[in-house]
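K.L.:
Take a look at the letters that make up each chain.
There are 2 protein chains.
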Amino acid sequence: MSELTSRFQTGDPQHLERRFAARAVGMQPSEIRSLFAVASRPEIVSLAGGMPNLSALPMGMMADVVHNLISINGAEALQYGSGQGHPKLREQICDVMALEGIRANADDIVVTTGSQQALDLISRIFIDPGDVVLVEAPSYVGALGTFHQYEASVVHVELDANGMVPEALRQAIKSVRAEGRKIKFLYLIPNYQNPSGVLLPADRRTEILEICRKEEIFVVEDNPYGLLGFDRPSPDAMRAEDSENVIYLGSFSKTISPGLRVGWALVPPSLKEKLVIASESSILCPSNFTQLTISNYLADQPWRDQIASFCNLYKVRRDAMLESLTEHFPASATWTKPGGGFYVWVTLPPEIDTKAMMPKAIVAKVAYVPGTAFYADGLGSWAMRLSYCYPTPERIREGVKALGGVIKQEIERRHSGYELKN
Amino acid sequence: MSELTSRFQTGDPQHLERRFAARAVGMQPSEIRSLFAVASRPEIVSLAGGMPNLSALPMGMMADVVHNLISINGAEALQYGSGQGHPKLREQICDVMALEGIRANADDIVVTTGSQQALDLISRIFIDPGDVVLVEAPSYVGALGTFHQYEASVVHVELDANGMVPEALRQAIKSVRAEGRKIKFLYLIPNYQNPSGVLLPADRRTEILEICRKEEIFVVEDNPYGLLGFDRPSPDAMRAEDSENVIYLGSFSKTISPGLRVGWALVPPSLKEKLVIASESSILCPSNFTQLTISNYLADQPWRDQIASFCNLYKVRRDAMLESLTEHFPASATWTKPGGGFYVWVTLPPEIDTKAMMPKAIVAKVAYVPGTAFYADGLGSWAMRLSYCYPTPERIREGVKALGGVIKQEIERRHSGYELKN
Chain A
28 MSELTSRFQT
38 GDPQHLERRF
48 AARAVGMQPS
58 EIRSLFAVAS
68 RPEIVSLAGG
78 MPNLSALPMG
88 MMADVVHNLI
98 SINGAEALQY
108 GSGQGHPKLR
118 EQICDVMALE
128 GIRANADDIV
138 VTTGSQQALD
148 LISRIFIDPG
158 DVVLVEAPSY
168 VGALGTFHQY
178 EASVVHVELD
188 ANGMVPEALR
198 QAIKSVRAEG
208 RKIKFLYLIP
218 NYQNPSGVLL
228 PADRRTEILE
238 ICRKEEIFVV
248 EDNPYGLLGF
258 DRPSPDAMRA
268 EDSENVIYLG
278 SFSKTISPGL
288 RVGWALVPPS
298 LKEKLVIASE
308 SSILCPSNFT
318 QLTISNYLAD
328 QPWRDQIASF
338 CNLYKVRRDA
348 MLESLTEHFP
358 ASATWTKPGG
368 GFYVWVTLPP
378 EIDTKAMMPK
388 AIVAKVAYVP
398 GTAFYADGLG
408 SWAMRLSYCY
418 PTPERIREGV
428 KALGGVIKQE
438 IERRHSGYEL
448 KN
Chain B
28 MSELTSRFQT
38 GDPQHLERRF
48 AARAVGMQPS
58 EIRSLFAVAS
68 RPEIVSLAGG
78 MPNLSALPMG
88 MMADVVHNLI
98 SINGAEALQY
108 GSGQGHPKLR
118 EQICDVMALE
128 GIRANADDIV
138 VTTGSQQALD
148 LISRIFIDPG
158 DVVLVEAPSY
168 VGALGTFHQY
178 EASVVHVELD
188 ANGMVPEALR
198 QAIKSVRAEG
208 RKIKFLYLIP
218 NYQNPSGVLL
228 PADRRTEILE
238 ICRKEEIFVV
248 EDNPYGLLGF
258 DRPSPDAMRA
268 EDSENVIYLG
278 SFSKTISPGL
288 RVGWALVPPS
298 LKEKLVIASE
308 SSILCPSNFT
318 QLTISNYLAD
328 QPWRDQIASF
338 CNLYKVRRDA
348 MLESLTEHFP
358 ASATWTKPGG
368 GFYVWVTLPP
378 EIDTKAMMPK
388 AIVAKVAYVP
398 GTAFYADGLG
408 SWAMRLSYCY
418 PTPERIREGV
428 KALGGVIKQE
438 IERRHSGYEL
448 KN
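Going down the list, the sequences are from chains A and B. Residue numbers for the first sequence follow the numbering used here, so the first one is 28 and each next one is one higher. Residue numbers for the second sequence follow the numbering used here, so the first one is 28 and each next one is one higher.
None of these hints come from the bench; they were simulated from the model. Take these hints with a grain of salt, some might be off.
Note that the list lumps identical chains together, so a pair holds whenever it fits in one copy or between two copies.
Stated by the list, open to error - Calculated cross-link-like contacts (lysine-lysine; reagent style DSSO-like; alpha-carbon spacing at most 30 Å):
#1 Lys-209 with Lys-392
#2 Lys-342 with Lys-241
#3 Lys-299 with Lys-382
#4 Lys-392 with Lys-115
#5 Lys-387 with Lys-364
#6 Lys-392 with Lys-435
#7 Lys-342 with Lys-209
#8 Lys-364 with Lys-428
#9 Lys-364 with Lys-342
#10 Lys-342 with Lys-435
#11 Lys-382 with Lys-342
#12 Lys-435 with Lys-201
#13 Lys-241 with Lys-201
In isolation and in its complexed conformation, chain A is listed as follows (with noise of 0.2 Å):
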């Protein structure tokens, strides 16, 4: 054996980090990952997690979906697809985009697993390292996890009560642009954002349209929640008003199931090409089998009133963690009021570090997602997120009283800390 195999073998992490690309030195565990291993305990409230509550699901009708399926057409079912989707489903998944005031042609959408990897092959077609995307601040964990993959500059674009503001964004354009730096798209969850679960209103929808267009950036415009509002339908998809400039991507992890893996991106006609072949190097094709499930589901079941109950059920939900938070938070938290979606967005006094605090809220039996997770320049440790899409609503209410209590020893610690220390 060699010198060289032998430290190779040995594991010299330093050896072995040199035979890596670039880019995966950065491929290191997020925080995020250790601490689901934690919360998924049965014994845990977990007000961390995105995981869509199927007890609303039918599962006896699910099995016959599938029984059928296999049976009738299996063949097709479980052999290889188009790279680009099954061509019935694509059809289908106009229908769906139809809801929310979107017209598209099925010739235009790809089928992904998941809306995961349509952001993949997105920042695969768009990104070189150092190219900046331009994001929601705060923004979806797994959208910077991405973009980080992919080598970009994150550029964090001021979010308030009403989703991005559009000022915020016309002042980041000039600056990025101002050091010389080249901006990719914008990406932007305009409904029941996560992690805020705030909903961007019509009039910004449009203003946003209007700068991205006049300033050359795309739009990818990230649809997982749209029809999951619960008091009122939600404006009309960015993508309803511009077909040219904006990437739209859709899934049906939360309106039927995650576990299928279905999701799909829909593209300005030059652009689709590109996102099919990557598509394919990555994948060679999406799993017939799943988007056919999907497509007969659509096809025979009530899927529109499926979509209903999946409401009616995260409802009380929210409407829970929004009393419990009211009942015990401490007064000086502030929390977001969301429409839809699964998220709650809560602010605490900025000395408190949401991260140190998890090992005393897994002690109180209770877990979040520390803010900073959702920031890719280290800010939010003053955040939290909160989901209320997975436990009963008693269980929300003990979690969210579990952790006020946390929160409002913390608060008193820093608060005596800071007085012995002065």
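Since the structure of chain A is provided, determine the placement of chain B on it from the hints.
P.N.:
Frame of chain A; chain B shown alone:
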């Protein structure tokens, strides 16, 4: 509307190209893509595709497997799962690999969306633009596409009727390194290689492993066909002999169903974490539904007998193809005699251009893949890949007969053309 906007909206291609990443410039449709559109017409005998023949798969049984899965375990099957893949399936994958001599730990397996995704993730972790990947000459078109997308420089290594030639590998390593270039890994398909159908014997496996260990080059062993040996079992996998330096890729696409899109990578422990992070960034997690479908199938069904049925089905087709090649192809053609898998590689006189000949073959109602598709360097114009996996034996004979006629005519035409020119 600004002048810039209208220039984009009219689709000025040069202007659009400037907005993409550098790697996207090379994302162009392959010659195989347009070919498959033609070859899928029912009147054409397609010897082009690599679709497994699912006529041996009992669909009633598969329908019951998925029905029971959802009825009994729908809440898990339809939910998000682990980024690394389902723990139970990873245990079962160890049993499948044991048939080829591999002793593995389920913790070192990452489940992927087909083994194509494993190729993509391995490329992502290792390849910086310009890095060298060594591959067989010829090699799998889908792997070449992925390496191209990560801007690798692909260097082919001679392959003969017994697979990759170890001495050619030594020379290739030497000459690449003499140019100061960095070799990231050797990619090869030791069993019934795609496209050549050849098998790498045990002694060459050992020799190639020794070379790569000594030279500190990872071996990526892609093994979709290893269990599809018709005449005798395949030699032990290369991974069975070297667990430190081999990255092993497996797939259920050829032994169960490609429509489920379930493959895996078995990697040295030092690579696992980065592979999982890369996969999460790419798709969040593989489908629990398709993973558990395979898991339940493996647990409850006679899957080894099912693989034997597939082998019988393909052996009859392989025999039909080899017999009719002898009967109908010209004496100046040679071809491989695969002991398993899907493919025969035909070498024609060097003046024949199989890509230019394709339209004539289509007129004669037969399709194949031109040899150039399997080379990154433009070679292979004198060769073609014929697959026997999908058509009936009768159709195979019909297709080979028609193709033999086209080739004989082409040789004659070239010959008379040559005489005329002189």
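K.L.:
So, for every hint listed, does it hold in this structure?
P.N.:
Status of the hints after comparison with the structure:
1. Neither within a single protomer nor between protomers do Lys-209 and Lys-392 lie at most 30 Å apart by alpha-carbon distance, with minima of 45 Å and 51 Å respectively.
2. For the homomeric pair Lys-342 and Lys-241, neither the shortest alpha-carbon distance inside one copy (38 Å) nor that between copies (62 Å) is at most 30 Å.
3. When the C-alpha separation of Lys-299 and Lys-382 is checked against a cutoff of 30 Å, the pair qualifies only between copies, where the shortest distance is 26 Å, while the shortest distance within a copy is 41 Å.
4. Taking the shortest alpha-carbon separations for Lys-392 and Lys-115, only the inter-copy value of 28 Å comes in at or below 30 Å, while the best intra-copy value is 46 Å.
5. Proximity of Lys-387 to Lys-364 under the C-alpha cut-off of 30 Å is restricted to the intra-copy arrangement: shortest distance 26 Å within a copy versus 67 Å between copies.
6. Taking the shortest alpha-carbon separations for Lys-392 and Lys-435, only the intra-copy value of 16 Å comes in at or below 30 Å, while the best inter-copy value is 78 Å.
7. Neither within a single protomer nor between protomers do Lys-342 and Lys-209 lie at most 30 Å apart by alpha-carbon distance, with minima of 41 Å and 56 Å respectively.
8. Only within a single protomer do Lys-364 and Lys-428 lie at most 30 Å apart by alpha-carbon distance; the minimum there is 18 Å, versus 72 Å between protomers.
9. Only within a single protomer do Lys-364 and Lys-342 lie at most 30 Å apart by alpha-carbon distance; the minimum there is 12 Å, versus 65 Å between protomers.
10. For the identical chains of this complex, Lys-342 and Lys-435 are intra-copy neighbours only, at 27 Å inside a copy versus 73 Å across copies, given an alpha-carbon limit of 30 Å.
11. With identical chains, the CA atoms of Lys-382 and Lys-342 are at most 30 Å apart within one copy only, with a shortest distance of 28 Å there and 60 Å across copies.
12. For a Cα distance limit of 30 Å, the shortest separation of Lys-435 from Lys-201 qualifies neither inside one copy, at 41 Å, nor across copies, at 67 Å.
13. Taking the shortest alpha-carbon separations for Lys-241 and Lys-201, only the intra-copy value of 13 Å comes in at or below 30 Å, while the best inter-copy value is 53 Å.
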